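Engineer: Go by the hints and put chains B, C and D onto chain A.
Protein chains: 4
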Amino acid sequence: MRLAVIGCGFIGAKRAAAAKGHDIVVVCDPDADRRDALARQTGARAVADWHDALSADIDAALIATTHDRLAEIALGAVRSGRHVLVEKPAGRTPQEARPIAEAAAKSGATIKVGFNHRFHPALARAKALAEEGAIGPLLFIRGRYGHGGRLGYEKEWRFVPQISGGGELIDQGSHLIDLSRWFLGDLRLAYGAAPTYFWQGKVDDNCFLALEGRDGRMAWLHASWTEWKNLFSFEIMGKTGKLTIDGLGGSYGVERLTLHRMLPEMGPPETTTWEYPFPDRSFVDEFANFIAAIEGRAPAVGSINDAIANLEIVQAVYNRARA
Amino acid sequence: MRLAVIGCGFIGAKRAAAAKGHDIVVVCDPDADRRDALARQTGARAVADWHDALSADIDAALIATTHDRLAEIALGAVRSGRHVLVEKPAGRTPQEARPIAEAAAKSGATIKVGFNHRFHPALARAKALAEEGAIGPLLFIRGRYGHGGRLGYEKEWRFVPQISGGGELIDQGSHLIDLSRWFLGDLRLAYGAAPTYFWQGKVDDNCFLALEGRDGRMAWLHASWTEWKNLFSFEIMGKTGKLTIDGLGGSYGVERLTLHRMLPEMGPPETTTWEYPFPDRSFVDEFANFIAAIEGRAPAVGSINDAIANLEIVQAVYNRARA
Amino acid sequence: MRLAVIGCGFIGAKRAAAAKGHDIVVVCDPDADRRDALARQTGARAVADWHDALSADIDAALIATTHDRLAEIALGAVRSGRHVLVEKPAGRTPQEARPIAEAAAKSGATIKVGFNHRFHPALARAKALAEEGAIGPLLFIRGRYGHGGRLGYEKEWRFVPQISGGGELIDQGSHLIDLSRWFLGDLRLAYGAAPTYFWQGKVDDNCFLALEGRDGRMAWLHASWTEWKNLFSFEIMGKTGKLTIDGLGGSYGVERLTLHRMLPEMGPPETTTWEYPFPDRSFVDEFANFIAAIEGRAPAVGSINDAIANLEIVQAVYNRARA
Amino acid sequence: MRLAVIGCGFIGAKRAAAAKGHDIVVVCDPDADRRDALARQTGARAVADWHDALSADIDAALIATTHDRLAEIALGAVRSGRHVLVEKPAGRTPQEARPIAEAAAKSGATIKVGFNHRFHPALARAKALAEEGAIGPLLFIRGRYGHGGRLGYEKEWRFVPQISGGGELIDQGSHLIDLSRWFLGDLRLAYGAAPTYFWQGKVDDNCFLALEGRDGRMAWLHASWTEWKNLFSFEIMGKTGKLTIDGLGGSYGVERLTLHRMLPEMGPPETTTWEYPFPDRSFVDEFANFIAAIEGRAPAVGSINDAIANLEIVQAVYNRARA
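Protein chains in written order, with the working numbering: chain A, -2 to 320; chain B, -2 to 320; chain C, -2 to 320; chain D, -2 to 320.
Extracted from the complex, chain A is given alone in its bound form (with noise of 0.2 Å):
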């Protein structure tokens, strides 16, 4: 596969790193240093304007860039009739989002959305055990996600709300709202807030959202950048017993993910935990997906539909703390 990295940030570097095997032939970025930095890594031609980079013979574009140019960088290399990776959020709106999903409608290319948490190997190996029925029917999800940011925090890029399309819950809400998607289907917000609290800026730092699916099941998450200790924990509960997860590695603490099953007798209930102390391979193993879902082996793990529905409900919350 030939291969454009557009935006050569930290995550379009990692993008690069696990694209290990095949070719890539462009990579662009405005800032120079970054796009030279990445360009001696791979080999790449580097250019500045995503248009050239889309200009190249490439069958692929990976594009990682601030949340602004997501959306219109994936349409025009979607029209060009490249696959794309694109990073979650995939836009700052679902207007943004959904004409990537028509372009790639007709044009019959792969859009995968980074939605990178599916990866995480306690994460997807819940999901195949939930798949199992090791827990039975899913009754509701518990999800908690959050840091304490940095001393600056406030003047980094996320506070701009026309670069970023809002704060932290476009950031690590709208992986709690995707993963709970995954498990338990089409949710619609029931409530949601999204509350400054400490952070000097126009953006959100917190917010609170309950999702509600068939039959009531509930997703009930929180997402915070006060979180002073770093924190992922995601809940599972099912008719016969419970999944968790928790830590994704380095400050969230190392991952792990627990079974408990329901004994007939009731009572406590029988425990597994399997860790993951292993570095971080969910970026490897979701360019594996996109290779496999652009040659038909594979569904793509985490659709442009899948980032269009996850706007939708960042959009509502957003509309019901301005109205």
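Calculated directly from the structure, the hints in this document are not laboratory data. Hints are not guaranteed to be accurate.
Intra- or inter-copy, both count: the list cannot distinguish identical chains.
Straight-line alpha carbon distances no greater than 25 Å define the calculated PhoX-like cross-link-like pairs of lysine-lysine that follow [unchecked claim]:
hint, residue 1, residue 2
1, Lys236, Lys152
2, Lys236, Lys199
3, Lys152, Lys11
4, Lys236, Lys124
5, Lys103, Lys11
6, Lys199, Lys152
7, Lys124, Lys199
8, Lys17, Lys103
9, Lys236, Lys11
10, Lys17, Lys152
11, Lys152, Lys103
12, Lys124, Lys152
13, Lys199, Lys103
14, Lys124, Lys103
In this text the structure is predicted, and so the values were computed from the model without any measurement.
Structural biologist: The following block gives chains B, C and D in isolation, referenced to the frame of chain A:
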């Protein structure tokens, strides 16, 4: 102090044990076996009808019946000039509980409501730390509380709405509401749901609550009778740190308080944990507070007004569910 | 099976409860209160003298006396043609225990010694995993076991050498020795110390043991009555992984088995943990093994020869201490 | 202070970084790449031969070579009138290290040995607590320390006895010895074994040590290069409590100190835990102690005499193994 214990079940017996050093004059329960057992233990006279208990020569009544009798008996006790320690929720509805407050205002009686969680050592120390400013101004609270029932749970009195006034919301949910009000002050219902997911019965087995205080401070609460592994977690976020309380002893795990204190350079916080692996002393300490309140040495921690405000939230959720 | 229970203390009562479904014909204890209580529970006849118990029409005797009577009674039972389940250590010295083995060899009786730790689920599963080769050939074992006594502990029978045969070494130490022998096979004493640090008495309150097996495989063991926080930890290292068992339930914490499996690239191992938060079933499972051994369906897990080898190590440490 | 850094590997570079604010005049390493890299970082002159480094105008030398050069260079530095911070073990044998102490006694130079574990915050606080009497008179210590090597580990310098002076005993084992001596005072070898279980090489990959102090106080230590999951655990038992230190950061897990304090009624102790999830500061704090020792404001924590006593124990174990 001369005491009556009205309701001789598990909790009534714990209240009697916690009153060591005082004179339990009479114990009362319609069930002869239960009242006789407690009479033997305490040396008290046993009666079946609570009117007879109140006609004894007593200073105070400890009322630990099912929910449907709490308000009626507490009101009778206050009107007859006695001090009262009544179990939470102190009635099935705010309408039932309000007359107790009014009568006490007239008689000058002390009414304490048995929100015993405030007397768990981890929570009591968390409250003291929060008041000393250990985590700065408070931002939000997250609470999770639950158990998994037991075989035949749906046949117990909690599943009869006329007796219980509701399911998990009025049971463990109201403890979370009370603790949140203790830390954040008055709260209004922003969102509430009380679904029935698992237990075949006429009451809710889960409740999801978003309670909002001044300045948008949030209490984000979930209680569950389908929490297959017993869980108590209460997290209090402030501008400069975080307090977490986990476990309540026994099957809820060892009770622990953790203080995360942010450093000026941000990054990982300074963390201190205290463990309380001791037998539950909350009933003893709560009784001591009741006596101190009667003697004017301290306010009642958990008042009838706290119970009324709590029931107003509970009722609002149930009304919303019926709407 | 028709049974006698000889010794009606805490352990004797547990043995009786674990024999559910069998016929307890006679219970025996010099203490009238204890034997009468167990007689009421089991419907058995109560006698004071163990000779009378053995003259009843029984197939097997469960012997749970203080250490000084174990060997004498077990020998009598075997000589009278009965099968025997005798508590560890099965005597105060190897000299006391050896005649039991000799008599059983003649009579064909089954003798099982109550090394109940082998029947704790985490240890039983660890043994099965080790035998399947889950961690490769074994390298060494580390064991730590201890508690902190209680007020007045030094006045209990364990502090009278004539009754107990020794202190912490023959108490919890011999469990560590037995488990090490179970995993590593025969072991010789390379180093042993049995000091008295804290408890005023004539017996050791700590023991430190280095036991060596074939190829220099080491069991590195410490047991303590001055372990202020109750502790059970047993770690088994193999060439390709590690098994750790922590907790035994109750005040020792939830029983857990963890398997660390090395990956070909080394680095952090793959880790799986199983939790056993259930009430202790080891006595029930051990009794089932006793019956299976009598019926020739399985070997006795924890034999009289295991007990003799164990006492030889204990005695070697005490001799060294006296030298 | 004007400094030479002799040995520019990983540890030498850490020592240089920890000396911020002082003037690193010269850096020295036979390997040109390594000395040039550190020269660029520090602005120092680079030399290949340590004699040249000592002929520069310096007050003190930081010596971080392989074990075989430590004593020779430290002796040279002391004899030339410089203060010395030399890595542990300060020589391969006590015979190598003793002349340093003798020369320093004559010259009045300050010699500090890099037992940096004493400067880890959990251990430093544990030492302060023990000295305040927080756990009463000390009874014994248990230490476990280990890692699992890495692919090709057996080809590294630690496996060449002429360079390293030994395997895991002189590596991590000597840290455990040093910490035990720090808490318990002088110790004699009661038992020691240094087997080779796994790594194909001429040195030990495990060591088991029983060190005895006054009144039979024991340090019961094990260090291992076959500890597949990285482990640091140091437990200090006193008459009224227990201190445990777990983790050293990074792959050893978060550094934690726990204080268990016995209550008068015994039973479960009062437990407090402090976490240190911060980047390792031990080298910075150790350097500050070195400067304070030079300036006469504090004793050197970790002296050349500590190193000699440590090597005497190491040598006794190796002699026993050879016997």
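Engineer: Go through the copies and call it for Lys236 and Lys124: within, between, both or neither, with a Cα cutoff of 25 Å.
Structural biologist: within (16 Å within a copy, 33 Å between copies)
Engineer: Evaluate Lys17 and Lys152 at a C-alpha cut-off of 25 Å and name the case that applies: within, between, both or neither.
Structural biologist: neither (34 Å within a copy, 30 Å between copies)
Engineer: Can you tell me if Lys199 and Lys103 fall within 25 Å by alpha carbon in one copy, between copies, both or neither?
Structural biologist: For Lys199 and Lys103, neither the intra-copy (38 Å) nor the inter-copy (52 Å) Cα distance is at most 25 Å.
Engineer: Checking Lys124 and Lys103: alpha-carbon separation at most 25 Å within a copy, between copies, both or neither?
Structural biologist: Answer is neither; intra-copy 31 Å and inter-copy 60 Å both fail.
Engineer: Given identical chains, is Lys124 near Lys199, meaning Cα to Cα at most 25 Å, within a copy, between copies, both, or neither?
Structural biologist: neither (36 Å within a copy, 32 Å between copies)
Engineer: With 25 Å as the alpha-carbon cut-off, assign the pair Lys236 and Lys199 to within, between, both or neither.
Structural biologist: between (42 Å within a copy, 18 Å between copies)
Engineer: Between the shortest in-copy and the shortest cross-copy C-alpha distance, which are at most 25 Å for Lys152 and Lys103: within, between, both, or neither?
Structural biologist: So Lys152 and Lys103 fail the 25 Å test inside a copy (41 Å) and across (58 Å) alike.
Engineer: Are the CA atoms of Lys124 and Lys152 at most 25 Å apart within a copy, between copies, both, or neither?
Structural biologist: Neither. Shortest intra-copy (37 Å) and inter-copy (34 Å) distances fail the 25 Å Cα cut-off.
Engineer: Checking an output row: Lys17 and Lys103, CA cutoff 25 Å. Within, between, both or neither?
Structural biologist: neither (30 Å within a copy, 62 Å between copies)
Engineer: Given a CA cutoff of 25 Å, do Lys152 and Lys11 count as a within-copy pair, a between-copy pair, both, or neither?
Structural biologist: within (24 Å within a copy, 32 Å between copies)
Engineer: How would you classify Lys236 and Lys152 at a CA-CA limit of 25 Å: within, between, both, or neither?
Structural biologist: between (46 Å within a copy, 19 Å between copies)
Engineer: Tell me, please, which holds for Lys236 and Lys11 at an alpha-carbon limit of 25 Å: within, between, both or neither?
Structural biologist: neither (39 Å within a copy, 33 Å between copies)
In this structure, the earlier hints numbered 5, 7, 8, 9, 10, 11, 12, 13 and 14 are contradicted, and the remaining ones agree with it.
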